[in-house]
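Trainee: Chain by chain, the residues run as shown.
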Amino acid sequence: MSKKKRFLIYIIVGVIIFLCGMVSSSFFERKVYEIKEWVSKPFLPPQEMRTVKLYFSAPQENYLLAEEREIIISLNPNREVEEILEELIKGPRDITLSSTLPSSTRVRDVWVEKNCIYVDFTSSLTEAHPGGSSGELLTVYSIVNTLLDNFPSCSYVQILIQGKPAETLAGHVNITEPLSKNPDLVKNP
Amino acid sequence: MEKLNYYGKMLFKSAKIIGGLFFLISCVSLAFADSYEIKKVDYEALPGSTKVFVEISSQVGYVVTELVSDLTPSSRPKLKVVFYPAELTFSQREIKLKENEFIQQIRLNQETLNSVNVVLDLTDKEYTYNIYPDGPSRMVINLESPGRDTIADLLRGESSSLIPEKKETRRIVLDPGHGGEDPGAIGSAGLKEKEVTLKVAEELAKLLKKESGVEVYLTREKDQFISLDRRAELANQWKGDLFISIHANAGFNKVAHGVETFFNSKHPYGEGAIEVAKRENKELSNGISSEAEMILWDMLQTRYRQESNELSHIVQKRLSEATGLEDRGTKSAGFYVLRGVAMPAILVEIGFISNPVEERKLKNEDFRKKIAQGIFEGIKEYMERLIE
Numbered sequence: 001m002s003k004k005k006r007f008l009i010y011i012i013v014g015v016i017i018f019l020c021g022m023v024s025s026s027f028f029e030r031k032v033y034e035i036k037e038w039v040s041k042p043f044l045p046p047q048e049m050r051t052v053k054l055y056f057s058a059p060q061e062n063y064l065l066a067e068e069r070e071i072i073i074s075l076n077p078n079r080e081v082e083e084i085l086e087e088l089i090k091g092p093r094d095i096t097l098s099s100t101l102p103s104s105t106r107v108r109d110v111w112v113e114k115n116c117i118y119v120d121f122t123s124s125l126t127e128a129h130p131g132g133s134s135g136e137l138l139t140v141y142s143i144v145n146t147l148l149d150n151f152p153s154c155s156y157v158q159i160l161i162q163g164k165p166a167e168t169l170a171g172h173v174n175i176t177e178p179l180s181k182n183p184d185l186v187k188n189p
Numbered sequence: 190m191e192k193l194n195y196y197g198k199m200l201f202k203s204a205k206i207i208g209g210l211f212f213l214i215s216c217v218s219l220a221f222a223d224s225y226e227i228k229k230v231d232y233e234a235l236p237g238s239t240k241v242f243v244e245i246s247s248q249v250g251y252v253v254t255e256l257v258s259d260l261t262p263s264s265r266p267k268l269k270v271v272f273y274p275a276e277l278t279f280s281q282r283e284i285k286l287k288e289n290e291f292i293q294q295i296r297l298n299q300e301t302l303n304s305v306n307v308v309l310d311l312t313d314k315e316y317t318y319n320i321y322p323d324g325p326s327r328m329v330i331n332l333e334s335p336g337r338d339t340i341a342d343l344l345r346g347e348s349s350s351l352i353p354e355k356k357e358t359r360r361i362v363l364d365p366g367h368g369g370e371d372p373g374a375i376g377s378a379g380l381k382e383k384e385v386t387l388k389v390a391e392e393l394a395k396l397l398k399k400e401s402g403v404e405v406y407l408t409r410e411k412d413q414f415i416s417l418d419r420r421a422e423l424a425n426q427w428k429g430d431l432f433i434s435i436h437a438n439a440g441f442n443k444v445a446h447g448v449e450t451f452f453n454s455k456h457p458y459g460e461g462a463i464e465v466a467k468r469e470n471k472e473l474s475n476g477i478s479s480e481a482e483m484i485l486w487d488m489l490q491t492r493y494r495q496e497s498n499e500l501s502h503i504v505q506k507r508l509s510e511a512t513g514l515e516d517r518g519t520k521s522a523g524f525y526v527l528r529g530v531a532m533p534a535i536l537v538e539i540g541f542i543s544n545p546v547e548e549r550k551l552k553n554e555d556f557r558k559k560i561a562q563g564i565f566e567g568i569k570e571y572m573e574r575l576i577e
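Chains as they are written, first to last, in our numbering: chain A, 1 to 189; chain B, 190 to 577.
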């Protein structure tokens, strides 16, 4: 192979490496930033927490009982609503109490409009629900009472399933409209 | 030079492989694409209503057009439903119905590559129609005689039909919960709520029919899906005096047990909501807005809240006495099926199907007779109090 040809190949390889570097530079830049952030994280001030009240079902499914949790305060209130709902889905710590939502349910979206909190759940909330008026009543009002107790500036909660309003969760309680708090279902210890 | 040539060949080869892969992937995705076949069209004629069943392999969209007959003697009113996307694989193109109240014949044709026309040639009889899915692979087009529309009456200010009349016979509407594709709650031993509610309702109907001056109506008499709106509408069309919805309870906790009776809570709207709804209705040229309709539906039951409350207490007491099950008391909440019922209305939960002990009891015929007896005594006592 002549020297000329070898020189040509070196130039081509050099150009290819240069082009690759150009393309991937932004990726490396981001990675470096992530690593830097990860290293510096332990030195950030601890996150502020707040105590929230979650409502779960009493053993006989006849009323709601409150349990307290700590959640991270977020600048975005929607994030706090999501966090509270995720805790509600996880269920109570007190083993005598019962969950009010199927564990397979996920929160799809949350937003606040005027004085109403809109919460959009996956269809598992209806499909995996045990049914029955008592079970359904406690599911609906554990969501509504929990959110309205922790966000006192709002007065209604609209439950949505897969982005759309539904008649009921399992054939009983009307959830087509925004609902207000139902204090009759809560028993204070 | 030879080497470069070699690389060139390699490049060409790999391009061929990639191309081939693409072709394969597209073939596979085509094979798995949803099919929207209309496999069969059938009908069922009942007195007062006719249902057309369209068997379709997935849920698809549809557009309905009502065509009024012009003056030529051969023309007929038609109801045209266009399904989209859809492919007609059913062999028949015409179904003639013999002496049907509403439909003379059903005609089918593939309108475009992916839309199918279902045209119903109608008779001159007045009708209302309703289209709804029945399970994942069937659409139902239901035609029936127009009933008395309570909401329309309310809007026209004809509230006379809502004031209970003093009369000899009492019409009692029994509403067995769930049915058809909706099994309701299911117990751990497999008992379905829809079966229990129907059996108890039948038992209760038997007891009530023995009483003089009582007429009994059931919102469903077999294992069939009926929407909650339709149940309320039926009760109003029958001009019932009492509405008893029968359900079996369930919860997340298997230990929950007992009987409980519910009535509808007060609507959340302020005074004068009905005026707003009426005004809004006037402003809208094409019917009633969904918000206004919602308010009016809720107003219907709110008028009977006191009666419903009283009825719920009496039935709850008699039911817990007759069955020996724990008395969980009565509660009021927004129940979808009760909200549009223009008569005193309650929803009775006859025991927890999610509790294995109570599930076994609900399975037992003698126990179901006790439940029916308890509700019956409650209704009777309520009616006797009215006469006094």
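Watch out, some of these pointers could steer you wrong.
[Claimed, not checked] Below 20 angstroms or equal to it, Euclidean Cα-Cα: the simulated DMTMM-like pairs (lysine to aspartate or glutamate) are:
#1 A/Lys-53 <-> A/Asp-94
#2 B/Lys-558 <-> B/Glu-510
#3 B/Lys-569 <-> B/Glu-499
#4 A/Lys-181 <-> A/Asp-94
#5 B/Lys-443 <-> A/Glu-113
#6 B/Lys-552 <-> B/Asp-418
#7 B/Lys-314 <-> B/Glu-290
#8 B/Lys-455 <-> A/Glu-127
#9 B/Lys-381 <-> B/Asp-323
#10 A/Lys-181 <-> A/Glu-127
#11 B/Lys-455 <-> A/Glu-177
#12 A/Lys-164 <-> B/Glu-410
#13 B/Lys-399 <-> B/Glu-566
#14 A/Lys-187 <-> B/Asp-323
#15 B/Lys-267 <-> B/Asp-323
#16 B/Lys-455 <-> A/Asp-94
#17 B/Lys-443 <-> B/Glu-391
#18 B/Lys-443 <-> A/Asp-184
#19 B/Lys-569 <-> B/Glu-400
#20 B/Lys-314 <-> B/Glu-255
#21 B/Lys-411 <-> B/Glu-333
#22 B/Lys-558 <-> B/Glu-391
#23 B/Lys-558 <-> B/Glu-410
#24 B/Lys-381 <-> A/Asp-94
[To be verified] Negatives, chain A to chain B, calculated, CB over 12 angstroms:
#25 Glu-68
#26 Glu-70
#27 Tyr-118
#28 Gly-163
[Unchecked claim] Some, not all, of what chain B presents toward chain A, calculated at C-beta under 7 angstroms:
#29 Gly-324
#30 Ser-326
#31 Thr-519
#32 Gly-523
#33 Phe-524
Honestly, the hints are just simulated from the structure, not real lab data.
Since the model is a prediction, treat every value here as computed from it, not as a measurement.
Note that CB positions come from ideal geometry on N, CA and C, so glycine has one too.
Trainee: Next, verify each hint and record whether it holds.
Mentor: Cross-check of the supplied hints:
{"no.": "1", "hint": "A/Lys-53 <-> A/Asp-94", "verdict": "holds, 14 angstroms"}
{"no.": "2", "hint": "B/Lys-558 <-> B/Glu-510", "verdict": "holds, 13 angstroms"}
{"no.": "3", "hint": "B/Lys-569 <-> B/Glu-499", "verdict": "holds, 13 angstroms"}
{"no.": "4", "hint": "A/Lys-181 <-> A/Asp-94", "verdict": "violated, 24 angstroms"}
{"no.": "5", "hint": "B/Lys-443 <-> A/Glu-113", "verdict": "violated, 38 angstroms"}
{"no.": "6", "hint": "B/Lys-552 <-> B/Asp-418", "verdict": "violated, 29 angstroms"}
{"no.": "7", "hint": "B/Lys-314 <-> B/Glu-290", "verdict": "holds, 7 angstroms"}
{"no.": "8", "hint": "B/Lys-455 <-> A/Glu-127", "verdict": "violated, 29 angstroms"}
{"no.": "9", "hint": "B/Lys-381 <-> B/Asp-323", "verdict": "holds, 19 angstroms"}
{"no.": "10", "hint": "A/Lys-181 <-> A/Glu-127", "verdict": "violated, 25 angstroms"}
{"no.": "11", "hint": "B/Lys-455 <-> A/Glu-177", "verdict": "holds, 14 angstroms"}
{"no.": "12", "hint": "A/Lys-164 <-> B/Glu-410", "verdict": "violated, 32 angstroms"}
{"no.": "13", "hint": "B/Lys-399 <-> B/Glu-566", "verdict": "holds, 13 angstroms"}
{"no.": "14", "hint": "A/Lys-187 <-> B/Asp-323", "verdict": "violated, 41 angstroms"}
{"no.": "15", "hint": "B/Lys-267 <-> B/Asp-323", "verdict": "violated, 23 angstroms"}
{"no.": "16", "hint": "B/Lys-455 <-> A/Asp-94", "verdict": "violated, 34 angstroms"}
{"no.": "17", "hint": "B/Lys-443 <-> B/Glu-391", "verdict": "violated, 28 angstroms"}
{"no.": "18", "hint": "B/Lys-443 <-> A/Asp-184", "verdict": "violated, 23 angstroms"}
{"no.": "19", "hint": "B/Lys-569 <-> B/Glu-400", "verdict": "holds, 9 angstroms"}
{"no.": "20", "hint": "B/Lys-314 <-> B/Glu-255", "verdict": "holds, 14 angstroms"}
{"no.": "21", "hint": "B/Lys-411 <-> B/Glu-333", "verdict": "holds, 19 angstroms"}
{"no.": "22", "hint": "B/Lys-558 <-> B/Glu-391", "verdict": "holds, 10 angstroms"}
{"no.": "23", "hint": "B/Lys-558 <-> B/Glu-410", "verdict": "holds, 18 angstroms"}
{"no.": "24", "hint": "B/Lys-381 <-> A/Asp-94", "verdict": "violated, 31 angstroms"}
{"no.": "25", "hint": "Glu-68", "verdict": "holds, 21 angstroms"}
{"no.": "26", "hint": "Glu-70", "verdict": "holds, 24 angstroms"}
{"no.": "27", "hint": "Tyr-118", "verdict": "holds, 16 angstroms"}
{"no.": "28", "hint": "Gly-163", "verdict": "holds, 16 angstroms"}
{"no.": "29", "hint": "Gly-324", "verdict": "violated, 15 angstroms"}
{"no.": "30", "hint": "Ser-326", "verdict": "violated, 18 angstroms"}
{"no.": "31", "hint": "Thr-519", "verdict": "violated, 11 angstroms"}
{"no.": "32", "hint": "Gly-523", "verdict": "holds, 4 angstroms"}
{"no.": "33", "hint": "Phe-524", "verdict": "holds, 6 angstroms"}
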